[in-house]
Amino acid sequence: EAGVVQSPRYKIIEKKQPVAFWCNPISGHNTLYWYRQNLGQGPELLIRYENEEAVDDSQLPKDRFSAERLKGVDSTLKIQPAELGDSAVYLCASSSGLAGGPGTGELFFGEGSRLTVL
Amino acid sequence: GQSLEQPSEVTAVEGAIVQINCTYQTSGFYGLSWYQQHDGGAPTFLSYNALDGLEETGRFSSFLSRSDSYGYLLLQELQMKDSASYFCAVSLLDTGRRALTFGSGTRLQVQP
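Going down the list, the sequences are from chains A and B. Numbering follows the working numbering, in which position 44 of the first sequence is assigned residue number 229; successive positions increment by one, without gaps. Numbering follows the working numbering, in which position 104 of the second sequence is assigned residue number 105; successive positions increment by one, without gaps.
No lab work stands behind these hints, which were simulated from the structure alone. Just to be clear, a hint being listed does not mean it is correct.
To be verified - Calculated from the model, a selection of chain B residues having no Cβ within reach of chain A, i.e. all distances over 10 Å:
| no. | residue |
| --- | --- |
| 1 | Ile18 |
| 2 | Thr24 |
| 3 | Leu55 |
| 4 | Ser66 |
| 5 | Gln77 |
| 6 | Ser105 |
| 7 | Pro113 |
To be verified - Calculated from the model, a selection of chain A residues having no Cβ within reach of chain B, i.e. all distances over 10 Å:
| no. | residue |
| --- | --- |
| 8 | Ala187 |
| 9 | Lys200 |
| 10 | Gly213 |
| 11 | Ser251 |
| 12 | Ala273 |
As the list claims (entries may be wrong) - Listed below are several chain A residues computed to face chain B (Cβ distance under 8 Å; list not exhaustive):
| no. | residue |
| --- | --- |
| 13 | Lys201 |
| 14 | Tyr218 |
| 15 | Gln226 |
| 16 | Pro228 |
| 17 | Leu230 |
| 18 | Asp241 |
| 19 | Glu291 |
| 20 | Leu292 |
| 21 | Phe294 |
| 22 | Gly295 |
| 23 | Glu296 |
| 24 | Gly297 |
Just so it is clear, CB atoms sit at the ideal spot from N, CA and C, and this is done for glycine as well.
With the rest of the complex left out, here is chain A (with noise of 0.2 Å):
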């Protein structure tokens, strides 16, 4: 079974760009979660899906950042204008139910997509 597939791998840009990050999760996984993960940190949660909806984007900074989950599947991350400031690791994971909910408390991450902002 494939795993959590995240592109692109690296990405380097220039402040005030736009940028992209892409994520398929695991097939039948209603649960999406975006991580952002800085040097020497653990990840921390900007926002999750149940199916098509974001029903945790408390730390999303929603003014430059935006994410859409079409069709409950795929999920994109968008920044515009990416400031220095947001170069770090993207993490996509997906989940079959909910992070202690009834189960294992189990994640599947991806490899991420690394973010450097010159």
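Given the coordinates of chain A, assemble chain B onto it according to the supplied hints.
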């Protein structure tokens, strides 16, 4: 808000046993997970505790004490490939926030 504390670095030798502690302060705590992440790789799930006690999975064990807001990951028979970062993460019951909140991670270096 939530906060998790774990040591930033731990060093051990091959074949030894190492324990990585995690203390947390949260409201609506449901369970504690552990993830492993090699440099440049994806975080991968190791274990999950929702009830007090020890969960064993091969060389890895995880412990939880809800009354002490404390847990640990125990790695036995350390191998070089265990050199990685280890994150504890809490899952919460709060409506609309059923995602994992991660600690800052513990970097484990296994030496020959």
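Hint by hint, here is what the structure shows:
1. Consistency note on Ile18(B): stated as away from chain A, and its beta-carbon is indeed over 10 Å from all of that chain's, at 24 Å minimum.
2. Residue-level check passed: Thr24(B) sits 15 Å from the nearest beta carbon of chain A, beyond 10 Å.
3. The non-interface label for Leu55(B) is consistent with chain A: the shortest C-beta to C-beta separation is roughly 16 Å, beyond 10 Å.
4. No Cβ of chain A approaches the Cβ of Ser66(B) within 10 Å, the least distance being about 17 Å, so the stated non-interface status holds.
5. Chain A leaves Gln77(B) outside its interface by the beta-carbon criterion, the shortest separation being 21 Å against a cut-off of 10 Å.
6. Taking the minimum C-beta to C-beta distance to chain A, about 5 Å, the non-interface status of Ser105(B) is violated against the 10 Å cut.
7. A cut-off of 10 Å between C-beta atoms confirms that Pro113(B) is not in contact with chain A; the least separation is 25 Å.
8. A cut-off of 10 Å between C-beta atoms confirms that Ala187(A) is not in contact with chain B; the least separation is 13 Å.
9. A cut-off of 10 Å between C-beta atoms confirms that Lys200(A) is not in contact with chain B; the least separation is 24 Å.
10. Listed as outside the interface, Gly213(A) is consistent with that label: its C-beta sits roughly 17 Å from the nearest C-beta of chain B, beyond the 10 Å cut-off.
11. For Ser251(A), the condition that its CB be more than 10 Å from all CB atoms of chain B holds, with the nearest at approximately 19 Å.
12. Every CB of chain B is more than 10 Å from the CB of Ala273(A) (nearest about 14 Å), matching its label as outside the interface.
13. A hinted interface residue such as Lys201(A) counts as satisfied when its beta carbon comes closer than 8 Å to some beta carbon of chain B; here the least separation is about 28 Å, so the hint is violated.
14. Nearest Cβ of chain B to the Cβ of Tyr218(A): about 6 Å, under the 8 Å cut. The hint holds.
15. The interface hint given for Gln226(A) is met, as the beta carbon of that residue sits about 5 Å from the closest beta carbon of chain B, less than 8 Å.
16. This hint holds: Pro228(A) has a C-beta 5 Å from the nearest C-beta of chain B, less than the 8 Å allowed.
17. Nearest Cβ of chain B to the Cβ of Leu230(A): about 5 Å, under the 8 Å cut. The hint holds.
18. With its C-beta approaching chain B no nearer than about 5 Å, Asp241(A) sits inside the 8 Å limit, and its interface hint holds.
19. Contact between Glu291(A) and chain B, as hinted, is supported at the beta carbon level, the nearest pair being about 4 Å apart and thus within 8 Å.
20. Evaluation of the Leu292(A) hint against chain B yields a held restraint, the C-beta minimum of about 6 Å falling below 8 Å.
21. At its closest, the beta carbon of Phe294(A) sits 4 Å from a beta carbon of chain B; the interface hint therefore holds under the 8 Å criterion.
22. A least Cβ separation of about 6 Å between Gly295(A) and chain B falls short of the 8 Å threshold, and the interface hint therefore holds.
23. Here the hint on Glu296(A) is kept, as its CB sits about 5 Å from the closest CB of chain B, short of 8 Å.
24. The criterion of a C-beta within 8 Å of any C-beta in chain B is met by Gly297(A), whose closest approach is roughly 7 Å, and the hint holds.
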